[in-house]
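Residue numbers (this note's numbering), protein chains in the order written: chain A, 1 to 313; chain B, 314 to 626.
Heads up, a few of these hints could be off.
[Unchecked claim] Label-pair restraints from in silico Cβ distances:
| no. | chain 1 | residue 1 | chain 2 | residue 2 | range |
| --- | --- | --- | --- | --- | --- |
| 1 | B | G409 | A | H224 | 27 to 33 Å |
| 2 | B | R572 | A | A120 | 34 to 40 Å |
| 3 | A | A120 | B | E606 | 55 to 61 Å |
| 4 | A | T309 | B | Q585 | 32 to 38 Å |
| 5 | A | K56 | B | Q585 | 46 to 52 Å |
| 6 | A | G247 | B | R572 | 54 to 60 Å |
| 7 | A | V250 | B | N519 | 48 to 54 Å |
| 8 | B | G409 | A | N206 | 54 to 60 Å |
| 9 | B | D375 | A | T309 | 30 to 36 Å |
| 10 | B | E365 | A | L256 | 37 to 43 Å |
| 11 | B | D476 | A | V49 | 17 to 23 Å |
| 12 | B | M314 | A | A120 | 41 to 47 Å |
[Claimed, not checked] Just so you have them, the derived chain B footprint on chain A, three or more residues with Cβ under 8 Å:
| no. | segment |
| --- | --- |
| 13 | 48-62 |
| 14 | 126-136 |
| 15 | 153-160 |
| 16 | 202-212 |
| 17 | 223-237 |
| 18 | 281-287 |
[Claimed, not checked] With a straight-line cut-off of 27 Å between C-alpha atoms, the simulated DSSO-like cross-links for lysine-lysine are:
| no. | chain 1 | residue 1 | chain 2 | residue 2 |
| --- | --- | --- | --- | --- |
| 19 | A | K220 | B | K371 |
| 20 | B | K419 | B | K371 |
| 21 | A | K220 | B | K437 |
These are calculated hints, taken from the structure and not from any lab test. Even for Gly, the Cβ is constructed at its ideal location relative to N, Cα and C.
2 protein chains.
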Amino acid sequence: MNRLCDLLSIQYPLIQGGMIWCSGWELASAVSNAGGLGTIGSGSMYPEVLEEHVIKCKKATDKPFAVNLPLLYPQIDQHLETIVKHRVPVVITSAGSPKKYTSFFKSHGIKVLHVVSSSAFALKSQEAGVDAVIAEGFEAGGHNGREETTTLCLIPQVAAAVDIPVVAAGGIGSGAAAYASLALGAEGFQCGSVFIPTPESSAHQNFKDAIIAAKEGSTKLTLHEIAPVRLLNNPFYQEVVAAYNEGANVEELKSLLGRGRAKRGMFEGDLQQGELEVGQISAQLDKITSASEVVARIMREYNELATSTFQCF
Amino acid sequence: MNRLCDLLSIQYPLIQGGMIWCSGWELASAVSNAGGLGTIGSGSMYPEVLEEHVIKCKKATDKPFAVNLPLLYPQIDQHLETIVKHRVPVVITSAGSPKKYTSFFKSHGIKVLHVVSSSAFALKSQEAGVDAVIAEGFEAGGHNGREETTTLCLIPQVAAAVDIPVVAAGGIGSGAAAYASLALGAEGFQCGSVFIPTPESSAHQNFKDAIIAAKEGSTKLTLHEIAPVRLLNNPFYQEVVAAYNEGANVEELKSLLGRGRAKRGMFEGDLQQGELEVGQISAQLDKITSASEVVARIMREYNELATSTFQCF
């Protein structure tokens, strides 16, 4: 028995992380059909686009799926309406206080998971009534916690702090990492970057190819003063480094970042001037495989370890 | 059968990391007597001090122990002489090329392990003939790799790159983390920070107490331009941050760091102006326990997991 599988009515305790510009209905439904929990990343979608993706996702799968909702999203009321109207089974909230909308979602029978980067926020999330927390470590792609705690250090601390299920995130693109996260006290795991180089992800092919080409050290955490984010090291990232070296202040950094960088990089494939959000496990990926193959591989690797004998000392 | 235990003639695949100002003969011999591999950190010792510690360590244990040797140590020839003269069984080299001294040590029957932060350096170490590599992730205390790869991401990549045994390091202060590292492909694990708040460590009591008080986010990686190092956030660290904010160059940072900061903090207990090197697992430590109890706890926790049944999916 696994509390996360029971809670979400899924076969595997594997959640596909919502990723702006990368995870629409096609990826989400593929992961859900493969036995995990697929997630639509709503942070990069206009309200009408999210509604279209939710409708298409429901047509493509009869399994549960989630919408990831960054709580700073400017037109959040319209997203809330779509989620309730179409009876989205699970919402994964991030980048904001879990107090604000958890009871609203729960009153509509929607399960709520909140993304945290510390045990203090995990406790606050539990107090706010969320069903589970996703504890995400420093190695994760995209937006990231200020504490810089790695998944290996974070999971046991969050698991010790709360009673609700803990989902490990950050650095998990293999069954070995998934198994390690359960050994550390998680009851499930979220995988993000590993699903970008799949045919079902909406990332631009250039971005998928750049992830396949990435090596150890190719991603960097930066822009701490705005909101820490892990990016592929590319000419845009180098411009950020140059700005730091020239002593840029927050306003100058915001101006350099500008608007639309993430879309330009991840969705439009501009590897020079775009922002390319991906985690450290990009170094482990060497080919494009379908989302269902990713799920099957991770679970096969996991099960191999779960049936292995570890030496006692 | 475990290749690391066979290689080093130790009971448990647990290495106590060499730590400047913290790990002298008393800690090293206690860990070796408890079944792991204790390590004298020679980087903070004058040549005659190292010789004294090696002699005392050999008197205190008949088990194997190691000397950690940063290859940038200025009077390295005298350290080499001491190591050979007193037949130190294992040398752990770091901060330099493994090509330089590996064949020298091996010609004297000394086992050599080299500390790396990437699979590229692991491969170079294997080519240089080292017996095993210690792959250390971002969460580790003290000096750290430029790639910032976390232990969870680093271990499977290093294990895939080399044939020699891989020892996981960084973020390991519990049996769960030790077990996770073996699931990720390591054959042993190195623990550093967990051994600082022990009666046997030579760290100042103030530093031990500061580690017990540390929380998530209390350590920071900084001074990347000199050599990345993970420190407790204290007034000295804040001065470093202020210097960065004022656009300090490398020379100014070196001048701020000055000489003797690590001794002042870790050995003399100046929590304000000293440099306090410790890893992220400091947040998990809540009491002073003896080194042998640390070893016993970690191996008990490890064995509990090794005999647990993990659910298959």
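Review point. Which of the listed hints are not met by the structure?
Key: 3, 4, 5, 6, 7, 8, 10, 11, 13, 14, 16, 17 and 19
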